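Peer 1: The primary structure of each chain is shown beneath.
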Amino acid sequence: NAGVTQTPKFQVLKTGQSMTLQCAQDMNHNSMYWYRQDPGMGLRLIYYSASEGTTDKGEVPNGYNVSRLNKREFSLRLESAAPSQTSVYFCASSTSGQETQYFGPGTRLLVL
Amino acid sequence: AQRVTQPEKLLSVFKGAPVELKCNYSYSGSPELFWYVQYSRQRLQLLLRHISRESIKGFTADLNKGETSFHLKKPFAQEEDSAMYYCALSGPGGSEKLVFGKGTKLTVNP
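Residue numbers (my numbering), protein chains in the order written: chain B, 382 to 493; chain W, 18 to 127.
Note that these hints are calculated values from the structure, not bench results. One or more hints might be untrue.
To be verified - Derived pair list, reagent style EDC-like, types lysine to aspartate or glutamate, alpha-carbon separation capped at 16 Å:
no., chain 1, residue 1, chain 2, residue 2
1, W, K26, B, D419
2, W, K39, W, E84
3, W, K119, B, E480
4, W, K32, W, E96
5, W, K114, B, D407
6, B, K395, B, E460
7, W, K32, W, E84
8, W, K114, W, E49
9, W, K82, W, D98
10, W, K122, W, E37
11, W, K32, B, D419
12, W, K119, B, D419
13, W, K122, W, E84
14, W, K39, W, E25
15, W, K74, W, E25
16, W, K39, W, D79
17, B, K452, B, E433
18, W, K74, W, E49
19, W, K114, B, E460
20, W, K74, W, D98
21, W, K122, B, E480
The structure displayed is predicted, hence computed values, not measured ones.
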């Protein structure tokens, strides 16, 4: 099993450009999450999906959109990137909210 | 509101010394608590969780409801323990979110 995979691993964007971060899991998990990790700020939840067909905002949703394409895939879209969105983005999945979350390797995003 | 506080951003100890990473939480009910670890250039992974009461890689953590703490301890630190450690909380009753602390970077010096 690959677990949780993310693409791309690294991306450089110019301010105003858009992009989609892809995440997939092969563990048949119901719940999926997107976090951003910034120095001194820890992990902050952007959006999550408790099940296929549902999405909810987390702590820092502004400037992002998500799509739970199917049970396996959960994408994060930046419509108009800003330098403040420079960060490392992690996707995670779990069987439910109270259970262990399994993380992807992360995507490093630099917005110039 | 749920909140997790890790008061130390950085913690440095020598190999063989005891180590304690502090975690305090704010939650009105009975939370589920976790410690996650991120080694250099690796993804975050679960180290241990309260409900399993396991000792992983020599680490233990005890839930103290009176002090609302879930400190992570190891009696003899090893260099390979150097990593970023995150305490996290999940509320029961259908809560779908984990709330993470800001993390503590542990450095174990030779």
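Peer 1: For each hint, tell me whether it holds in the structure or not.
Peer 2: Verification of the supplied hints:
1. Pair hint K26 (chain W) plus D419 (chain B) holds up; C-alpha atoms about 13 Å apart against a cutoff of 16 Å.
2. A hinted pair counts as satisfied when its Cα atoms are at most 16 Å apart, and K39 (chain W) with E84 (chain W) qualifies at roughly 12 Å.
3. Simply put, K119 (chain W) and E480 (chain B) have alpha-carbon atoms about 20 Å apart, too far for the 16 Å limit, and the pair is violated.
4. Between K32 (chain W) and E96 (chain W) the alpha-carbon distance is near 6 Å, which keeps this suggested pair within the 16 Å criterion.
5. Taking the CA atoms of K114 (chain W) and D407 (chain B), the gap is near 20 Å; set against the 16 Å cutoff, the hint is violated.
6. Of the pairs offered as hints, the one joining K395 (chain B) and E460 (chain B) holds, with about 12 Å between alpha carbons and a cut-off of 16 Å not exceeded.
7. Proposed proximity of K32 (chain W) and E84 (chain W) is contradicted: the alpha carbons are some 29 Å apart, above 16 Å.
8. Restraint check for K114 (chain W) and E49 (chain W): the C-alpha separation of about 11 Å stays at or below 16 Å, so the hint holds.
9. Taken as a hint, the K82 (chain W) and D98 (chain W) pair is broken in the structure, with Cα atoms around 27 Å apart against an allowance of 16 Å.
10. At most 16 Å may separate the alpha-carbon atoms for a hinted pair to count; K122 (chain W) and E37 (chain W) meet this at roughly 12 Å.
11. At roughly 28 Å between alpha-carbon atoms, K32 (chain W) and D419 (chain B) are farther apart than 16 Å, so this suggested pair is violated.
12. The straight-line distance between the Cα atoms of K119 (chain W) and D419 (chain B) is roughly 9 Å, inside the 16 Å bound, and the hint therefore holds.
13. Distance restraint check for K122 (chain W) and E84 (chain W): the Cα-Cα separation of roughly 23 Å exceeds the 16 Å cut-off, and the hinted pair is therefore not satisfied.
14. Between the alpha carbons of K39 (chain W) and E25 (chain W) the distance comes to roughly 7 Å, so the proposed pair stays at or under 16 Å and holds.
15. With a C-alpha separation of about 21 Å, the suggested pairing of K74 (chain W) with E25 (chain W) is violated against the 16 Å cut-off.
16. Between K39 (chain W) and D79 (chain W), the direct Cα distance comes to roughly 11 Å. Compliance with the 16 Å bound is thereby established for this hinted pair.
17. Between the alpha carbons of K452 (chain B) and E433 (chain B) the distance comes to roughly 5 Å, so the proposed pair stays at or under 16 Å and holds.
18. With a C-alpha separation of about 21 Å, the suggested pairing of K74 (chain W) with E49 (chain W) is violated against the 16 Å cut-off.
19. At most 16 Å may separate the alpha-carbon atoms for a hinted pair to count; K114 (chain W) and E460 (chain B) exceed this at roughly 25 Å.
20. Between K74 (chain W) and D98 (chain W) the alpha-carbon distance is near 9 Å, which keeps this suggested pair within the 16 Å criterion.
21. Between K122 (chain W) and E480 (chain B) the CA atoms are separated by roughly 24 Å; this puts the pair beyond 16 Å, and the hint is violated.
Going down the numbered hints, you'll see the structure goes against 3, 5, 7, 9, 11, 13, 15, 18, 19 and 21, while the others check out.
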